[in-house]
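S.K.: What follows is each chain in one-letter form.
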Amino acid sequence: MSGPNTSFDPKQVAVLSAEAITAMVATARAAVVAAADLAQLKEVRLAHLGDRSPLALANRDIGALPPAAKAEVGKRVGEARAAVKAALDSRQIELEQARDEFVLAEECVDVTLPAARSPLGARHPLTTVMERICDIFVAMGYDIAEGPEVEAEWVNFDALNVPPDHPARTMQDTFYVTSSESGVVLRTQTSPIQIRAMLDRQLPIYVVAPGRVYRTDELDATHTPVFHQVEGLAVDEGLTMGDLKGTLDHFAQEMFGPGIVTRLRPSYFPFTEPSAELDVQCFVCLGVSVDNPDVPCRTCGSEGWIEWGGCGMVNPRVLQAVGIDSSKYRGFAFGMGIERTLMFRNGVTDMRDMVEGDVRFSLAFGLES
Amino acid sequence: MRAPVSWLRELVEIPADQTGRDIAARLIRAGLEVETVETIGGGVTGALFVGRVVEIEELSEFKKSIRWCQVDVGAAGGGIRGIICGARNFVVDDIVVVALPGTVLPGGFKIVSRETYGHISDGMICSERELALSEEHDGIMVLPAGTPGADAGPIIGVGEEVLDISVTPDRGYALSLRGIARELAISYGAPFQDPGLTVADLRAPATNASPAQCGSEDFEACALFTLRTIVGFDPKAASPQWMKQRLTAGGMRPVSLAVDVTNYVMLELGQPLHAFDLDKLNGPVRAGWAESGSTLETLDHVTRNLTPDDLVILDDDGIIGLAGTMGGLDGEIDADTTNIAIEAAHFAPSVVARMGRRHQLSSEASRRFERGVDRTLAPYASARAAALLIEYGGGQYVGMTAVEAPHEPSVIKMPVSEPGAVAGLRIDAHVVVELLVAVGCEVLSSDDQLEVVAPPWRSDLTDPADLVEEVVRLVGYDLLPSTLPVSVAGHGLSKSQRLKRRIGMTLAARGSVEVLTYPFVSADELADLQLPLTDIRRSKVRLANPLSDQQPYLRASLLPGLLSAARRNLGRGMSGVHVFELGSVFQGENTGLAPRPSVLIRPRDDEWAALNELLPSQPAHLGVVLAGEREEAGWWGPAQPYGWQDAIQTALLIADVIGAVIRIEQGIDPVFHPGRCAEIKCAGVSIGAAGELHPRVIQAWALPARSSALELDLDQLIASAPDVRAAPAVSAHPVAKEDLAVVVADSVTVAAVTQALRAGAGELLESIRLFDLYRGPQVPAGHCSMAFALRFRAPDRTLSADETAAARQGAINRAAADCGAAIRGA
Ligand SMILES: [Zn+2]
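Protein chains in written order, with numbering that gives the first Met the number 0: chain S, 0 to 368; chain V, 0 to 825.
Certain hints may be false.
To be verified - Residues from chain V that face chain S, not an exhaustive set, calculated with beta carbons under 7 Å: (1) Thr-482; (2) Asn-568; (3) Gly-572.
Stated by the list, open to error - For the chain V half of the interface with chain S, some residues (derived, Cβ under 10 Å), not all of them: (4) Asp-21; (5) Arg-28; (6) Tyr-476; (7) Leu-483; (8) Gly-489; (9) Gly-510; (10) Arg-541.
Unchecked claim - Okay, the calculated beta carbon distance ranges per label pair: (11) S:Glu-217 / V:Ala-609: 33 to 39 Å; (12) S:Glu-217 / V:Ala-701: 23 to 29 Å; (13) V:Glu-407 / S:Glu-236: 50 to 56 Å; (14) V:Glu-441 / S:Gly-286: 39 to 45 Å; (15) S:Gly-286 / V:Gly-106: 28 to 34 Å; (16) S:Gly-286 / V:Glu-433: 30 to 36 Å.
Source of the hints: derived by calculation from the structure; they are not laboratory data. Positions of the beta carbon are idealized from the N, C-alpha and C atoms, including for glycine.
Generate the whole structure from the sequences, applying the supplied hints.
M.R.: Structure below.
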């Protein structure tokens, strides 16, 4: 290293002339432009701005100049270095961009390749329909009640006002557990949950009860020995059959769309009195297909109404069996088959699709139905 | 119950413009379920003519005998026509039914004039089956009389509409034309002459003979028994055409005059009748209980073993019938019967129902008695039958004997406001009374409190609620308002309901598909699961009447159903299945008889508890089966099979999503691979197992190798889930990471080492994760190296190097002490 003013070599000083500096910058610029990639540019940077670059050497020599020249030459060299650096930086950005574009282009993929290595599974549509129904009633303040599938005959029949020798209680319909005298059956309906709800809960009672039920029917396109029902029960002071109708109308609208209404037809169930069959207005044709052969409706068979379930006012004898004062409380109850609901609501044509466990059936529904 | 409209019109004045469908709509509104409205011969288009056979030429040159007939179909039908006919049951001058060219018969069969058997056949002589009137095809129809050229349709009942009504168990009265006609009379406001209260005109007995005697040994079971005697009946007499037509339309087969009359009166009035050959009887005919060990061959040629619970009809020679259900072969009328005794009785519904169930026997009679027959109807019905028998079969009326228990109709009290209050509808008091009177009730007091006596044909009307239904249904359900109860404060979903939904959603989102399998299992399936007899999953709950004798058990495990579902899906071409089921299993046993408390009061707590005690335990389980390819081969690489780790991961996942904590331990379970089975513990209790299925189980269900499964008790898992989860302390101070590797014997599990390291590291340890597992030359034989990544962090400060090192050493020391772990590279 040379210290200031220790020696002065005119030859070297010539290097600091304006012409020489300008030439250095021009050489450097040419080299920058010539750099084809970032590696070359790095070398160019080293050669023209590095410690051993002509400009660095020139800068070092400034110290040897007489004080009068120092300022001017110093300024000249500084400007030259800044110019070279600007050229380098600018080229650096250019080359980086070029590199990035190249790499990203290289990394291009076919985004339409199948992405789901493990596709979505599904819940069974019977489950999701039941949940949907329960949610509608939960929104009306109902709780969801449950009960056992292997049930005491007393709960499944006796307490529901189906006496032992009643035609509704024949060996052909009911699965008996252990023996036909055991008093234990596979529940034939969700109605025993009504009895459990009334024995276990405080009044007033508003419950909806989904569940699996059993009848001794062979499996075919429209029957299955194992199926599902949803039951509703309300026991309160002053309930009327109009309240039942209004509740069912609301339910039908939530399930099938605004404006859909229900129709009650007199019928018979031992545990309700009065009893009614429950029909829902056809939500596909809205009844337009009736007597109108030009626009037949498959959903309702051009009847305008679809049979959906049964309902009625809780028979006071049932209230008596669970110790509820029927002079003070009245109840209404309703029930419907879930398989049947799914069949007409979602267009399932064969009962077997719902029970065989073929995943393709459920997968078509995904997480909802 | 099939009701021909013309028959109904005979009983009640229905406006002439009302079609069968109009009438059906009225009945449906009143609560009778009309399933179909059929038109008899509805498939016939074009005219049917009455014809007289003028000449028959037998054509014998063909394989079967053929007749070339000349038939006079009158001027309207074009005079005499030549018709080829294959039937042989007619002679010259017989009156027949002729379809002429242009007429279309049921099934789209169009009659044309065509050459056949060497003649031009210019029409067709019809049989009942060809007109779809019945299945009768033994020959063509021969009418008793008729004018050639007349329209044959009305004569043979073509065009008659028939309502097919599905009668609910409470409406026994609707199993008769009488009962249906009454509903129509109310609906149309038309006058109704009750045929059940009309006494038939029977001439005074002309002989000195005395009528056959009768009796009832138990007035509880048989409250009324009547027997009418007729002698000198012509056994050759035929039933009139109109009666046969009505019986056929009503769904019954005409047999003989005596049988047809009893059936006809049963259809008309609803009272089952039975006709005996008087000459085959010996002594009084009576109802009584069968002796144990006695037998009876019933009309259907089945020999019935009887018990003292069977109410039978007997005479001095023995049993001649099952009361109200079916007659026996002895005592039956036959082609030579001239002296007849007609039984008309009233049997208790429960007695007949029990017998029908015991003998698996249902008849037209038993269906009516089970649902309740008019208690007072028997003498009217048997008089009607006797009058018809005498009118069409000659004979003389001898008289009737009867025994009857005293009968007190009960009084039902009901506030007159009750129907309106229940309906939520204003119903005036006078309307209530009028409607009750219309259904046949006697209304004794018309104050605010009504005292009502139900008519004898309405045994279903016993309670005020029954009367409410009568009034409200007749006012019309379509007039009910649509109101909502005042909304109540509900609780929303229970914890269990909420968490089950979440588990279902999670599994489905992870690619699993929910199935709902039948819970019926076979002994073979239980054996295939390799379950020892003491295993709780060995089903003990057995059905008395299974659909298939092969599968009499109820599942105690979800696996048989799931494995079969997996096999079915793989068999249908899936490369892999991941199915789950969330459902009840049935464990324990049902022994002893369930109590049957009174239904007149709430069961006592101990009765209710005893009743529930008797039911098997029915916990909710979660079952998962994973078989075949988890990931199909694809652009990303080769296929990946499901394995034991997927089953265990699923168990951990569902515990996680509900916030429950489970422990995985090396397990032994006969269903699973002995070395690849995890026992799942929750709060120290075993709640299930997961892992690779035992190769023999896999083989039994023909599943792919390495198929895996999981089953656990969801009730217990959910019970352990927290109701409220505590918030964590999230520290913003820097983490200190330490890796360490320990060498342990192969018998030591990762869980054991992890637990020891965690315990030794103390509170500063934030997380611990196994990141490498090594067996090989660099560790001693029978040992393996486990490498863990530990993260330390304090809630309130940056950890010093010393603190971290101390915690790390604590972990190492504890692993050494608990698991014999040696720090690797130390
Ligand atoms: Zn429709």
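S.K.: Work down the list of hints and note, for each, if the structure agrees.
M.R.: Hints and how they fare:
Given hint, Thr-482 (chain V) at the interface with chain S, holds; its Cβ is 4 Å from that chain's nearest Cβ, closer than 7 Å. At about 5 Å, the closest approach between the beta carbon of Asn-568 (chain V) and any beta carbon in chain S falls short of 7 Å, and the interface hint on this residue holds. At about 9 Å, the closest approach between the beta carbon of Gly-572 (chain V) and any beta carbon in chain S exceeds 7 Å, and the interface hint on this residue is violated. At its closest, the beta carbon of Asp-21 (chain V) sits 13 Å from a beta carbon of chain S; the interface hint therefore is violated under the 10 Å criterion.
Residue-level restraint check for Arg-28 (chain V) holds (minimum Cβ-Cβ distance to chain S is 7 Å; threshold 10 Å). Contact between Tyr-476 (chain V) and chain S, as hinted, is supported at the beta carbon level, the nearest pair being about 4 Å apart and thus within 10 Å. Residue-level restraint check for Leu-483 (chain V) holds (minimum Cβ-Cβ distance to chain S is 4 Å; threshold 10 Å). Evaluation of the Gly-489 (chain V) hint against chain S yields a held restraint, the C-beta minimum of about 4 Å falling below 10 Å.
Annotation: Gly-510 (chain V) was flagged as interfacial toward chain S, and the flag holds, the nearest CB pair being 4 Å apart, inside 10 Å. For the restraint placing Arg-541 (chain V) at the interface with chain S, the shortest Cβ-Cβ distance is roughly 6 Å, inside the 10 Å limit, so the hint holds. Distance hint check: the CB atoms of Glu-217 (chain S) and Ala-609 (chain V) are about 35 Å apart, consistent with the given range 33 to 39 Å. Separation of Glu-217 (chain S) from Ala-701 (chain V) is about 26 Å and conforms to the stated range, judged on CB atoms against 23 to 29 Å.
The hint said 50 to 56 Å for the Cβ distance between Glu-407 (chain V) and Glu-236 (chain S), and at roughly 36 Å that hint is violated. A hinted range of 39 to 45 Å holds for the C-beta pair Glu-441 (chain V) and Gly-286 (chain S), which are about 42 Å apart. Taken as a hint, the range 28 to 34 Å holds for the pair Gly-286 (chain S) and Gly-106 (chain V), whose Cβ atoms sit roughly 33 Å apart. Between Gly-286 (chain S) and Glu-433 (chain V) the beta carbons are some 33 Å apart, a value that agrees with the proposed interval 30 to 36 Å.
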